[in-house]
Structures are given as structure tokens and as C-alpha cells.
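Peer 1: Working from the sequences, and respecting the hints, build out all of it.
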Amino acid sequence: MAKSDINRDQTPLVEMRDICISFGGVHAVDHVSVDLYPGEVVGLLGHNGAGKSTLIKILSGAYQGDSGEILINGERVEINNPRDARSHKIETIYQTLALADNLDAASNLFLGRELVTSFGLVDDDAMESECRKIMGRLNPNFKKFAEPVSALSGGQRQSVAIARAVYFDARILIMDEPTAALGPHETQMVSELIQQLKAEGIGIFLISHDIHDVMELCDRASVMKNGKLVGTVDVGDVTDDDLLGMIILGKHPGAREAE
Amino acid sequence: MKRIFDSQLIGPFAAMMIVALVVALTTERFLNPGNLSNLSLQVSIVALIAIGSTIVIFAAGIDLSSGSMVALLTMILAQVLKFMGIPLMMAVPLILIVGGLLGFVLGAITAYGRIPAFITTLAALIAFRGLALTFNNGSPIFSLDPALEPLFYGKVAGIPMPFFYLVFFYGLAAFIMNFTKLGREIYAVGGNPAAAVLTGINVRKVQTMTFVIAGFMTAVGAVLMSARLNSGSPNYGQTLELQAIAAAVVGGASLAGGRGNILATLMGAMTIVIVQNGLNLNAAPSSVQNIVLGAIILLAVGIDMWRTELSATIGRLFGHSDQPASRASSAKPATSKDS
Chain A
0 MAKSDINRDQ TPLVEMRDIC ISFGGVHAVD HVSVDLYPGE VVGLLGHNGA GKSTLIKILS
60 GAYQGDSGEI LINGERVEIN NPRDARSHKI ETIYQTLALA DNLDAASNLF LGRELVTSFG
120 LVDDDAMESE CRKIMGRLNP NFKKFAEPVS ALSGGQRQSV AIARAVYFDA RILIMDEPTA
180 ALGPHETQMV SELIQQLKAE GIGIFLISHD IHDVMELCDR ASVMKNGKLV GTVDVGDVTD
240 DDLLGMIILG KHPGAREAE
Chain B
0 MKRIFDSQLI GPFAAMMIVA LVVALTTERF LNPGNLSNLS LQVSIVALIA IGSTIVIFAA
60 GIDLSSGSMV ALLTMILAQV LKFMGIPLMM AVPLILIVGG LLGFVLGAIT AYGRIPAFIT
120 TLAALIAFRG LALTFNNGSP IFSLDPALEP LFYGKVAGIP MPFFYLVFFY GLAAFIMNFT
180 KLGREIYAVG GNPAAAVLTG INVRKVQTMT FVIAGFMTAV GAVLMSARLN SGSPNYGQTL
240 ELQAIAAAVV GGASLAGGRG NILATLMGAM TIVIVQNGLN LNAAPSSVQN IVLGAIILLA
300 VGIDMWRTEL SATIGRLFGH SDQPASRASS AKPATSKDS
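Chains A and B are the protein sequences, given in the same order. Using numbering that gives the first Met the number 0, the letters of the first sequence map in sequence onto residues 0 to 258. Using numbering that gives the first Met the number 0, the letters of the second sequence map in sequence onto residues 0 to 338.
Pairs of lysine to aspartate or glutamate residues, derived as EDC-like cross-links and limited to a Cα-Cα distance of at most 20 Å, are as follows: (1) LYS180(B) - ASP122(A); (2) LYS143(A) - ASP5(B); (3) LYS204(B) - ASP83(A); (4) LYS197(A) - ASP233(A); (5) LYS180(B) - GLU129(A).
Derived by calculation from the structure, the hints in this document are not laboratory data.
Peer 2: Set out below in C-alpha cells:
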């Protein structure tokens, strides 16, 4: 149980202020503000279509917000594409995993930022060796290094996507339903990984449907409904039912403890 | 070198050898040295153009414009050589640059204008042929430059020049596809464009680059076409784009993108040309040749489909549950290291 001992007097790692984005007149995200501190896990909860994935895609550079601002360590930044996000040490594990099925694990791990030799050529040996190292840490049973990732199981594919986010020294990690495709054992592995990353001072946004996951893994939870922020609460101060009420009814449970 | 020669070459190589064997057994003149030499000349133009067509297909695009672009470029080459007095040494690089630029325009329209490559290049297929007709009142231009023909018919150490072009350009293409970031990104864009965007790959730039390569290789083919016939004509290159695409498909490139080996395209081109050569030697009319070309394309795509179905079925029969049937259509490694 993550009893929150996060220091929130310091500058937040991430502040998303007053973010709006519309698609064809639909306010997918409507004046939403969330923040994240070092070593903290903030859960983003809500129904399908509540806007949580859209909000987070603005942070990861997949979408550009119509208005609002993003601050990293108190400094305003422009994130116009996934490359910008990566340069701010923001890494994302997408629900779709964003893997090129036709390529092997190492090629996927380094997709878009391949290791190169001194001649500027892709260095497959170095990439595979690095891939073996990190997979040895994350998923020791992983052996299929020579095969395209289409030949892997759901859990193995997930671990490739996680490895990609962790490998490049992320300071901010976005996990979109990281355990949706996993069995109990692998889910446990992801939980342990989150604890470990937290201890290293990495901030994590965890998008989830699963209230149980959020109660167990997160320090705070921000709940969205119909594109609007219902509220942000400290999970230590609320019950499962409180969160459920926020998700379903959009009802805030009393005072906003976590502000 | 581990990725250049992989298991994906086996099928196209076997197909080429079987076709060669059948033609050799049924056609006595096939193995004459004169015919084999002629064969290598015949295959060179389509095989060089097919390099570009294949790389476009790797990135999940399609290039229908190359045949018409050949006609247009031979007319431009003829125009500058015959009527503008530009020397050959400058005219050839000029044509290669124009080819690359035309490819750039098609690629940019496709990638940045978000128009499907099929439509962009179909429009170009029609428009380039029309543009070719605007030169010299639509008439062919003959007898260009005596120094042009040796580019095609010349020999070094008894080996025809086109052989060296094939070795050079296929070597270069295999190098790009296997050892450069661009090559890796082309496979990634063809395999999963959405993932490529999310991992920070500039997908539009990569797509555009594939068309620049295709335009450049088409220009190489056009120069050789002009050299072969010492002329330019708005009628050159008819259905050449389809032969080039057929070479890619017979070579095992997946039209869905992301999968294939560039060297297999050379084998695909050889296979097609051997079949055509066999039909020629047996005095088959051109109508039959077109029907056969159509059948070969259908068969190659069919085998691609059946192969994945078959591997899925075999997987089920032998209980390899870790190879999901639903993903089998893309399960063949594009850059597999094992063979």
C-alpha cells in the first residue's frame, strides 16, 4: 500500500494547466489541470471516452492541445511531437504498445533512436546486447530475441514496450493500461517495477480502469468524466466507493484533500 | 552481414531456379550463351526500377508511376541531348536528378498531402505519359548520341555493363535497408505506421524518401532504356511499373508493407524475365505474355497468403500456441537474423 509520503512543497515534475482539446466540436479534454511530483504515482481514472488517454497523449506529444500549458520542473515547455516529449525525458507505454510487429525486440526497443557504430550504421550487435541486459532485468524468462515481436505472447510484447520506456532513463513515465493484457504473475511484475521506479524518483502517470490497481499503486488519483476533471484525491483518504462515485456520478467526495 | 542473406531469399531463389529449369528443359535455345547474355540485358532495366518499387512497398506504399516516368525521362534526355546540345556527361546526371525530384514531388504529395500513394502515382502514371507527349510534338527522337549506347551494350572484361549496375545498385540498396537508420525506419513505417509516429520517427519524411529513391532508380532505368534504343519515346515503359511491382511481389515483398528482402526482388525480376524469355523463344504472342504475367502476380500474392495460412495451420497442428494465427499475416520476419 502506497501511503503517500510525497513532498508536495517542491516544484512539481509535471504541471498540465488548463488543458483543452476538441475534436470536431467535441470537448475531449475541457480545462483540465493535473500535476505530478518526483517519486509519485498519479492514477488517471475514468470511463472509456472520459478523456484520460487524450489528456496524456498531449503530454506524450501524440496530440497538440488547443490551449493550456505544460510545465516540466516549473518551466514552460512546448511538446509538439513524440520527439519533443522524449527530449524532456517523458516516456510512454501505450495501450496499443506501439510495436512494429515485423521487427525484433531489439529493433523495437531502439525504434527511432537506434544505436549506431562510429560509421553511423545501425549497430545490431550492440542493440541486441543492450536488449538482453534490460530484458534480463525486467523479464528474465524472455528468450525470443531473434524473432519479430508478432511471434511473442501478450506479456512478452508488453515487457518489450515497458523496456523501451524504462531503458532511456525516463524521469516522467506514462503508463496507459499497462496491465490490461497481462496475467496475474506479470501484473505483479509490473507492480514491483512501478515501486522500484518510484523509489528512483521517477514520476508516473498511470491510466487505469481498475480501481483496485489505482488504490494499490497510486499516491493520488485524478478522475475524469466527459472530458472534465472531477477531482484529484489522495488515495489514502478515500475508499473504493468514493472513487467509483467520482467515476460514475462525477461526484467529488467532500473536500479536495490533495490540492 | 547477418541480416542481408536470410531465409526470405530461399523461396524466391527456389522459384527462380524451378522456372529456369522448366524453361531450359522445354526450350533448347534457352541455355545458348547468346540468349543468356540477352537475358541479363533484358532483366536489367526492370530489375533496377524494381529496387525503387520494392522500397516504396516496404514502407507500405505503391508506385504506379515508373513506366510513364521512364517515357518522360527518355524524352527529356533526348531533348537535351539532341536539341539543346548538352553533353552526355551532364545530361545523364541531370536526368537522375530530375527523376529524384519527380519522386520527391510524388512522395511529398502522398505523405504530406495525405493522398494515398495508389492515387498519387496513378495520377502520375497518366500525367507523365501526357507530359512525355508534349516534347517534339509527341514523336520519338532518334539517334541521340553515339556515346550513349555503350552505357547499355558496353562490356568490361567481357561482362555486359548492366551487370555492374545491378551489382552496384542492389548492393547499395541492401546496404541502406540493412545497415542504416533509414532502412530500419522504412521497415518500421511499413510494419506499423502508428507505432513509428509514437516512437518519434518522422514517418512522412521516411515515406517521401522512399519515393525519392524510386524516382532516382526509375531515372537509372530510363537512361538505360534510351541507351538501349539510342532514342527517347513517349511510348517507352508501358506496363513497366507493373513488371517492377510484380518483381517485388514474386520476390516475396508483402504489399501490406514492412516485410521482404530487397535482394529477393532481383530474383523476382529474373523469374519474370525468364518466363517471358521462354515464351518469346517459343514464339508465344504478346497477348499470352500479358496473361502469363498477370497469372504470375496472382500466384505470387496467393502463395504469400497461403504461406501464412499454412504456417498458422501447421502451428495449430503441432501446438505452437505461442504463434498466434491471427498475427500470422505479419509473422514472417522482415529483418530476421536466423535462417
